[in-house]
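Chain by chain, the residues:
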Amino acid sequence: MSLLAAIPGFPSNQTSLNPAGPAAAHIEHTFALIFWITATVYFITLAVLMYFVWSRRWTLALAPIPQPTSDASDRLATRAVAAAVAVTVLLLFVMLISSFVTSHRLGKMNDQQALTINVYGHQWWWEIQYPNEAEPYRMVTTANEIHVPIGTPIRIHGTSRDVIHSFWAPNIQGKRDLLPGYNTDVLMQVDKAGRWRGQCAEYCGMQHAHMSFYIVAEPQQDFDNWMSAQMQPSVVPGNIQAMHGQQVFLSHACVLCHTIRGTTAGSHVGPDLTHLASRSTIAAGMLPNTVGNLGGWILNAQALKPGSRMPPNQISGPDLQDLLAYLETLK
Amino acid sequence: MKFSRLTFAILVLLLQAGCKREQRVLDPGSAGTQIADGTALNEVHAGGSLPAPDISQYEGSAYAVSEGKRLYSAYNCVGCHAQGGGAIGPALMDSTWLYGSQPQQIFSDIVQGRPNGMPSFGGKIPDYQVWELVAYVRSMSGQLPSDVAPSRSDQMPVAKAEQARQKEHPSDENQQPIQKAKP
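Line by line, the protein sequences give chains S and B. For the first sequence, the numbering used here gives the first residue as 1, with consecutive numbering after it. For the second sequence, the numbering used here gives the first residue as 1, with consecutive numbering after it.
Treat the hints as calculated values from the structure; they're not laboratory data. We treat Cβ as the ideally placed atom computed from N, Cα and C, and that holds for glycine. Hints may be right or wrong, so weigh each one.
What the hints assert, rightly or not - Short, incomplete list of chain S residues facing chain B, as computed with Cβ under 7 Å:
hint, residue
1, 269
2, 304
3, 306
4, 307
Stated by the list, open to error - Covered stretches of chain S (chain B as the covering partner; in silico rule of three or more C-beta atoms under 8 Å from a C-beta of chain B):
hint, stretch
5, 81 to 89
6, 246 to 253
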């Protein structure tokens with residue numbers, strides 16, 4: 001199966017055929033078993049059909065269909081059909097049991113000292129929270145990018161803030177629906193470092209197709225560094241341009257929806273921007289996080305992602321440049 | 001024959017009305033994004049009157065009103081006005097309007113703020129979103145037709161759906177035309 005994932009151009013970071021963790025590996029085993037059984041049965045059936053079509057290709061139209069006359073041939077036919085039915089039932093049971101065992105294994109995954117990550121589905125982006133029960137003020141909030149240490153059990157504690165979404169990173173775990181007003185837990189573990197892409201798997205409105213996220217799996221040391229950087233409040237603007245940019249941010253509509261920790265902006269309608277420049281994409285994985293994309297997104301997000309909750313903003317050219325310079329400093 | 005033709009015409013008209021109520025204006029353009037400081041409260045304006053904003057695209061669209069309902073929570077109007085019944089701030093679902101019940105007046109209330117606690121949202125909310133909020137606030141007391149007023153809530157409903165509310169009759173319902181200066 002993993003041969004498929006080796007084809008050039010095949011998106012190996014968003015496919016269940018290239019598992020990066022134990023949960024996805026269980027799912028891939030079951031998938032491979034069912035795939036090979038059904039493929040084999042399909043080709044045997046076609047081969048038998050082809051053989052008889054070919055061997056009787058002249059006689060079919062001329063002679064009447066031969067009826068079994070003797071008891072012996074009658075018995076043979078009965079036995080052949082019985083054997084085929086028995087094999088079919090057996091194979092179906094093999095697939096059923098394999099599927100059951102996989103579900104059981106996914107339910108019994110190791111959750112000792114699992115790292116809990118809260119995931120909230122929004123129209124159309126993902127809010128990611130790393131709760132810290134001992135020291136709640138050190139909670140980290142980010143968006144659309146989930147950093148995880150490799151080889152550590154992860155508990156995704158998910159729900160939705162509006163409509164039904166579904167959390168699916170096919171290289172790591174199966175789908176899990178996020179329902180408004182209901183919390184659900186799903187265990188996972190990532191063993192291979194990399195950027196694994198995931199997507200909303202339940203139609204949730206106009207921009208459902210542009211609601212993706214990345215799971216960034218990295219060694220424990222890198223993860224700890226990332227975590228301690230995220231815990232910091234936003235950087236204080238270092239030059240006059242960034243300083244003015246911060247004033248632009250705080251005096252425009254931005255503050256009504258976004259948070260930048262360390263400033264007076266503290267609303268939770270849109271993504272937390274405290275460390276915006278540390279993320280590689282904007283608009284839920286839709287655009288690379290570049291100055292140009294960010295500028296276009298701020299001025300008229302509706303042209304890029306119609307229906308998204310980001311309103312068009314009227315900001316003068318110099319003000320926008322300063323604002324972008326400020327946002328670029330938010331590492 | 002005549003009757004069926006009439007029925008057909010009525011059906012087409014009804015269907016058209018249905019289409020319009022779900023029409024979405026996702027990009028309101030520059031007219032909707034400019035940040036105004038409020039609207040004129042009478043028709044007299046220095047240097048000639050300004051063009052009146054087209055409010056029908058908000059008050060006639062179920063999408064705009066439901067967006068207003070979402071923003072009503074998102075921008076924390078609920079913090080003071082609750083779900084329309086009022087708490088720290090006055091109730092919005094009754095027939096009492098301290099500063100007038102007309103859309104332009106409610107627009108000014110939101111943009112300019114009002115004494116005793118109503119903050120000014122001027123410069124913080126794009127115009128088109130203020131109009132969506134205005135449309136929703138008016139739907140709370142049944143001022144909008146029931147085909148555009150929201151019929152359901154995302155949360156457990158604490159009151160009748162806006163669609164099902166009786167229309168309240170504010171005292172300024174029938175506005176007097178402004179006396180123009182005689183030449």
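Hints versus structure:
no.: 1; hint: 269; result: holds (5 Å)
no.: 2; hint: 304; result: violated (10 Å)
no.: 3; hint: 306; result: holds (5 Å)
no.: 4; hint: 307; result: holds (6 Å)
no.: 5; hint: 81 to 89; result: violated (count 0)
no.: 6; hint: 246 to 253; result: holds (count 3)
Hint check: violations occur at hints 2 and 5; the rest are consistent with the structure.
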